[in-house]
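Q: Next come the chains, spelled out residue by residue.
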Amino acid sequence: MTDLPAQYPGAKKLGLVIDLDVCVGCHACATACKEWNSGGHSAPLPDFNPYGEGAWGVWFNRVHSFEEGEGEDARTVHFPRSCLHCDEPACVTVCPTGASYKRAEDGIVLVNADICIGCKLCSWACPYGAREFDQDEGVMKKCTLCIDRIYNENLAEDERVPACVMVCPTNARHYGDLGDPNSAVSEMVAARGGKDLMPELGYRPVNKYLPPRHARSVTAASAEAPAAVPIGDNKLLRWVDRLLSR
Amino acid sequence: MNGMSWRQRLRDYWSPTEVIDTSPRVSDEVKYTTCYMCAGRCGIKVHLKDGGIRYIEGNPRHPVNHGVICGKGAAGIMHQQSPAKLRKPLMRVGERGSGEFREIEWDEAIATALEWLSRIRADDPKKLAFFTGRDQSQSMTGFWATQFGTPNFAAHGGFCSVNMAAAGMYTIGGSFWEFGEPDWERTKLLLMFGVAEDHDSNPIKISLSAMKRRGAKSISINPVRTGYSAIADEWIGIRPGTDGLFVLSLIHELLRADRVDLDYLARYTNAAWLVIQAPGTAEDGLFARDDKGSPLVLDKKGAVASALAVDVEMRMVGEAKLADGRRAVPVFQLIAERYLDPQYAPEAVAATCGVPAARISELAAEIGRVAFEEAIELPVPWTDWAGRRHETMRGRPVGMHAMRGISAHSNGFQTCRALHLLQLLLGTVDVPGGWRYKAPHPKPCPPGPKPAGKPGQVDAGKPLAGAPLGYPMGPEDLILDADGNPQRIDKAFSWEAPLANHGMMHMLIKNAWAGDPYKIDTLFMYMANMAWNSAMNTAETMRMLTDKEADGSYKIPRIIYSDAFYSEMVAYADLILPDTTYLERWDCISILDRPIGKVDGPADSIRQSILAVDRDVRPFQDVLIDLGARLGLPAFVNPDGSARYPAGYKDYLTYHERAPGIGPLAGWRGVDGESHGKGAPNPNQLQRYIDNGCFWKYELPEEQHYYKHANRAYLDNAVALGLIGNADPIVLQLYVEPLQKFRLAAQGHGAHQPPDRLRARIKTHFDPLPIWYPPFEGAQVDTEAFPLNAVTQRPMPMYHSWGSLNAWLRQIHGANRLFINRMTANSLGLQDDDWVWVTSHAGRIRAQLKLMDGVNPNTVWTWNAIGKRAGAWNLAANSPEFARGFLLNHLIGETLPDAPESNADPVTGQAAWYDLRVRVEKAPAAEAGESAPHFAVLGHPASLPKTPDILRYGWNKR
Amino acid sequence: MHPALSIVFFTTASGAGFALLTLTGIAVPLGLLPSNPGFGALTLMTAGLLAVAGLLSSTLHLGRPERAWRAFSQWKTSWLSREGVLSVAAFIPAAVFAVGWVIFGRVGGVSGLCGVLAGALAVGAVYCTAMIYRSLKPIRQWHNRWVVPNYFALALMSGLLLLDLIVRFWARPVAILALTIVVIAVAWWLKESYWRFIDTASAPSTVASATGLGRRGPVRMLEPPNTEENYLLKEMGFRIARKHRLRLRLVVRVAGFAVPLLATLAALMGLLPLLAALLAILSAALGLVVERWLFFAEAKHTVMLYYGAETV
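Chains as they are written, first to last, in this note's numbering: chain X, 577 to 822; chain L, 59 to 1016; chain P, 761 to 1072.
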C-alpha cells in the first residue's frame, strides 16, 4: 500500500543516527550490510560482471567521501549513505503497485519484491539514491533496516540491531526510535545538532546525520601555558643543581 | 474470508501485503576463528548455513576487536568465493612470466621441492633463500629456516616498518602497533605521526572514536588527510620525511620551557649515565662503567657512582672526572646541549617541514601544558623494581602513535628514535595517559638475541647456530665473511644495513639476480608478490626474474612459490605450492611471532579450519613441516627419523617447544591445561582455544598495568609467564650505545672495520642521539626536476593485493587516482580528471588526477596496489585494475639515485619507498584514458574457473 | 536521467495517439470534423495504434513486465498508476465510440458521449504522464510548472499534425491547419520557456544540503563509494555535454517546430499540401523524439550531488 501510515506524535520511527565526526570511511558498514543482506530478507544482492570491467552490484549502503572547507582548514568527511526511511517517502507514494510501502508499526520503508514490476520510478523519486535495482530479478531492492535482524528472536538481544550498526568500528552508527524524543538517539540528535539531508525537499528523513565537530584550537587551549624560559649563555644552568634519585 | 469486504479482497489480490519473516534462522552453526583479510588478526564468528558461509562478524569477547570487524573482514565471503584461488600444484612450462603451467600432483610437487632442497642442504644451505611476505607464521617459518641451516630468511618487515621496530626496541624495548599503543582510555592529547589506515586498524578505530567522544584531543601529523587524520581535531600536513626534524623542534621548545620530566628520566632511563668524552679514542661516546661493567652516574658530591645503585642521588648536568682522568658527562647534558641549538628552533625548521613556526611552538606549549598541568594520579599502589612502594601511579597524559609514514624513509630509524626521545623526555612511556607497552613487551633494552649466519654458523647438512634474525650490539655481531663482505643474500647485517633486524627482502631479487654477494640456487617464497606490488622498481624486478645466463639458464636458477591465489608472482615461479584460504587452515598468532597482546596482559590466538578444502591445495605450513620431516631437519623428525608432527601445523602448534615449557601457544599449557605462559604441551590445547573463541588472554592485575619496565610485580610475573628471561628492571635508552660502537668502528677503532666507501655514511647516521637529515633520494636528485614527494597508503577496505580478487572490495577500489593539492595543481595548470605523466629518477607512469585540499602542497599520493597486471587474479583483461589502475612502485628505485647502496635507511636497511620524488606533467590528449606502463597479459592455469557474469551469492540462503 | 528509448517512444507516441483520440472524440460529436466512418476508421486506428504501441513500449522498460497489471492498483497516490488506469480506461469508451462511429456511422448519442468521454480520459492520461515527471522533487528539470503545459502542447501539436494529414482525404482542413500553426507556435514558446527556465533557475538542493555539511566552507566530493558505475549512476548519472545539448536543441527547434510550422503553412497555402503535411508529421516525429530524449538527458537528479555534481 502506497498510502502512508497516519502519523501521530510519539509514533515509532526506527532509524539511524550517523556520526560524521568519527566516521573514518572504512566501508565496514557497507560490506557488512552487503554480507548480511546477501543472505537476508532481500537476498541475493547480485553483482554484475564481478570480475571484469564495470563491475557493479546491489548495495544498500555506500560510503562517499567529501572535503569540507578549503586549504589547510579542509576536513575530509566520510559519508555513509543509505535509506533514510523518510516520513514523507515519495518513493512509496509514486509506486504504482503498492510494492513500496512504509510500515505503520515502525516506519520502516520496504519493497515487496513479489509484486514489484521494476518500473524504477521509486528510484527516481528518492533524492538520496537509496533505491537499488536488481537487474537480475527485475525488481527494486533497498535497505530494510535489517528487518530480519532487529526483531530476530534467534539473535541475542544486543545483536538485534542493523548489521551496519553492529559492525561499525568507530561506533559512528546508532540505531533507535527517533519518534521517541527521550530515546538515546533522539537525545544525541538534539545534543549534537543532528541534520536532515536535503530538508528543502520535504521528505522529512528519519535518519539523521551528526555533523563533524569544530576542532578546538591549539592556541586557545594553551594560551595560559608559560612561554619558553629565556636561556642565557649557559643553557644548562637551570639544571645544574637538580639532584634526582632513582 | 468472511467479513472481508470486496475492496479488501480485491486489494489483497492486486497488491497483497508483504509477509515478512522477522525471525529467520540465522545459521546452522557458528565457528570462531581469526580473520586474515589484513594483518590485524581480529577475532571472528563465522556463521555457517546450508553448507556455506552465511556471514562473518566480529567476536565480541576478542581482545583485539571487541566484536567489530572492518570493511575487509566483512567481505571475507568474497575472499572465499574468489575465482582466483589456485586449485592444484603447478609446474611452469612456458617461459617465466608467461603464465603457462602444467598442473601436477602433490607427490610430484613435494618430490621436486625435496630434490632441489636436499641437494642445497647437503651442499651449502645458504644457497636457499627463504623469504615470506605477510606471513603470520614467522616463528615457524624462521625456525624452519634455522633448522634448514640457511641465514637467508626474512619476512616483509624490511620494507614494512623495521625502522619503527628497531628504533623502539633499541630505545624503549617496545614499539608501536603490536608492541605498544597510546593509553586510549586516559590520554588527553594524542599525537599520531604517519599513521595510515591499515595497521592495527580496528583497535585504533575503536579507540580513536571513544577518545573523541570523551573529549580528548587528537592531532594528526600526516601529509594526507584521510581516515584517522580526517577525524583528527587538528591536522598538520607535514612534508614527508621531515617528521624527525619536526619532533626535534618540539623537543627544542620543551627543553627551552623546561617541560621535561627529570624525575622520570632519572628513575627509568639512562639520562644520568655518564658518557665518556674522549674524542679520537676507542671509548669516546661509550658509557663510563665501573669494573663490574655497571654504568656510572655523577652523584651529589660530584663523584661517580654505579647507576644501578638503588638510592643514589644523581646529577643530570655536570662533568665527571673518571678514575683514568677522562671526562664524562651525563646523557641529559648531551641532549640539552644538542637540541637547544638554534638549528632546531621552530623558525629554523618551519620551511623544511612545511609547518609554520608558530604552529610548532603552540603545539609544544600544548604538549607541555597537558603533560605537566593535567597530570594524572591513579590511586593504584605498586612496587618498583627496588622494592619501593608507591601509593599512586602518576601519568602524563600525552599519547603518541606512529606508523609507516615516518618509518619508510631513509631517515626513519632516527626519526622514530626522535619520537621515543620526545616520549621519554615527557615521561609518557608506560604511564597513565601516555603510551603503554603491549605484552610481551617491554623487552630488555638493548634487545637480544643476536643474529646467526656468520661463516662458522652455517654448515652443510646442519641447522644454523641460531635464529637468522636478531639484534646486533656492535660491529662484531654483523653477519659478514672473513673479508667483511655481506654473508646474507639480502646484505642484511652488513655495513650497508647493520641493524637490519627484519632482513631486507626488497634487495633479495636484485642480489640473487646479480649473484651479489654470491649465487643462490633456489628462491623459496611465500605470500610475497615480488613480481608486482611488493617490489620496488617493478618492471626491472620482473626482468631480473626472467633474465638468463649465456647458457640459457635463468640467473635465479629455481623459484618455489606458495600462494593461495593467482597473484602476479605465481607466473614468475617454477614450482607453485597452492595454499589454502584463512578459513581452511590451522594457524596461530603466537607470542613468539608478532603478538596480539594487550596493555593489560598477553594474548594469543588460533585459526581453525572451518571449511573443508574443495580443491587440491594444502596449507603452506603443513607442506613446510612435511618437507622439514622429509629433509630430516632435526626438529621436525623423531629420533627414529619419522615425522615429528604427522598432522602438520596443528601438531606443531600443540607439541612444539621452543624452550622447555614454551611453545607457539601460551594458553592452557601443562598436561592438565591449567598453566599459562609456560608449561608442558597439552594435547587438548587447541580444543581449549576453540572452547574459548579461539583466543587466550591473560589479565594482569591492576598494579601491573603501568611502569612495567620498572614494576617489580610485573617483571616477576613476566618471567613466570615466559615473556622475558629475567626480572631486571629495563632501563630505557635515550642514548643508544650500540650505535656509537658502529660509529667508533667507522672512525677506525676496533677489529671490525667498514669498507671505506661506507665510513662517512656510518659515522653520520649511527649517532647515538637522534638526528635528522634529508631523505636520501631528495638529497641526491635535482629537486627542481623532481619537486614533489610521492607517497602511497592502503585504503581501509583494501589490503594490498588481497582485495582485487574480492568481488565486493574491487567495486570500492577498482582503479586509483593520483591525488594532488588543489593549489599545486592550479600552479601546474592541471585540473581534476586530467591524465598526467609522473616521472621519477627511476621511471615514469601515467595516471589520472584527483585534486584535493587535504594534502601537503608538495606531495602527491595514491592508494597502494590497486593497479594490477593484466591476466593476474583471474580478472578479465579489460578490468579497471589494469586499464586505469597504476602502481607507484614503478617509480621507486631499489638502489639510490647516485650510489650503489639500497634505497633504504642506512641503519636498518628499511626500504625508503616514501622518499620518492617526482614531477607531474599533463599527458597529451591522445594518451588520456589509460594508465601506463602496461605489460603483456599473463596466461593462467587451466584449472582456474571461468568467472561468472552475475554473482548471486546467498540466493539460496534467504 | 538516462533516456530510456522505451520511455521516449512511449511518451511521444501515446501523447500523439491520445491527442488524436481527444481531438476526434470531442470534435466529431460536436460536428467540427467530418463524421465519415472511413475517417473514423483511419483516425481511431492511428490513435489506437500509437497509444497501444506506446503503452506496450513502456512495459519494455519494466523489470517484470508480466506483473504490469498490478500497476492499476495504486491510483490513490501514484501518477504512474493513474496514468495506467486512465490509459486503459480511455480504451473502453473509445472502443464504443469506434464501433458506433465506424460500424454504425453514429457520432451522436451514446457513441458521441463515449467519444467525448474517451477524449476526456485521454486528456487525463496525458496529464498523468506529465505529472509523473512534474511530481518528482529530486529532479528540478521536471519538478516545475512548465512540464505539464509542455506535455499538453506537444501532445496536442502531434495530434493535430496527424489530423492534418488524415483529415484532408475527407475535408479541406483550413481551420485545423490554422489551429495547428497556432498550437505549434504555442508549443514552441512553451518549450523555449521550459529551456529558459531550466537554464536559469537553480536547484534548491546543493552538495551542502545533501550532506548537511558546509560549516567549514564549500563542500566537494573527494571519492565516490565505488570506482565503477553503479545502478544509480547508470540510471541517474546521465550527462550530456553542453555542445551536444545545444546541437540537439537546435534539432528540436528545426525538426520539431520550424519545419512542421512552415510545412503546415505551406499546406494551408496549398503548396503540395499532402506532402507538406507528411513532411510536417515526419519532421515533428523526429523533433519530438529528440525533444523527449533531451527531456531526460537534461534532467539532473539530486543523487548526483553525492557523486560529484556541483549543481543539479
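Simulated from the structure, these hints should not be mistaken for lab results. There's no promise every hint is true.
The following label-pair restraints were derived from C-beta to C-beta distances [to be verified]:
no.: 1; chain 1: X; residue 1: Glu664; chain 2: L; residue 2: Ile748; range: 27 to 37 Å
no.: 2; chain 1: L; residue 1: Leu68; chain 2: P; residue 2: Leu1031; range: 40 to 50 Å
no.: 3; chain 1: X; residue 1: Pro585; chain 2: L; residue 2: Gly731; range: 33 to 43 Å
no.: 4; chain 1: P; residue 1: Glu952; chain 2: L; residue 2: Ile78; range: 29 to 39 Å
A short list of chain P residues far from chain L (calculated; beta carbon distances all over 10 Å) [to be verified]:
no.: 5; residue: Ser766
no.: 6; residue: Ser795
no.: 7; residue: Leu820
no.: 8; residue: Gly823
no.: 9; residue: Arg830
no.: 10; residue: Phe832
no.: 11; residue: Gln834
no.: 12; residue: Asn904
no.: 13; residue: Pro909
no.: 14; residue: Ala961
no.: 15; residue: Leu982
no.: 16; residue: Pro985
no.: 17; residue: Arg1002
no.: 18; residue: Leu1032
Listing some non-contacts, in silico: residues in chain X with all C-beta distances to chain P over 10 Å [unchecked claim]:
no.: 19; residue: His603
no.: 20; residue: His617
no.: 21; residue: Arg651
no.: 22; residue: Thr652
no.: 23; residue: Phe655
no.: 24; residue: Arg657
no.: 25; residue: Ala680
no.: 26; residue: Lys696
no.: 27; residue: Gly705
no.: 28; residue: Asn730
no.: 29; residue: Asp734
no.: 30; residue: Val737
Note that the coordinates shown come from a computational prediction; the quantities given were computed from them, not determined experimentally. From the three backbone atoms N, C-alpha and C, an ideal C-beta is built for every residue, glycine too.
Q: Which earlier hints turn out false for this structure, listed by number in ascending order?
A: 1, 2, 3, 4, 9, 10, 11, 15, 16, 19, 21, 22, 23, 24, 26, 27
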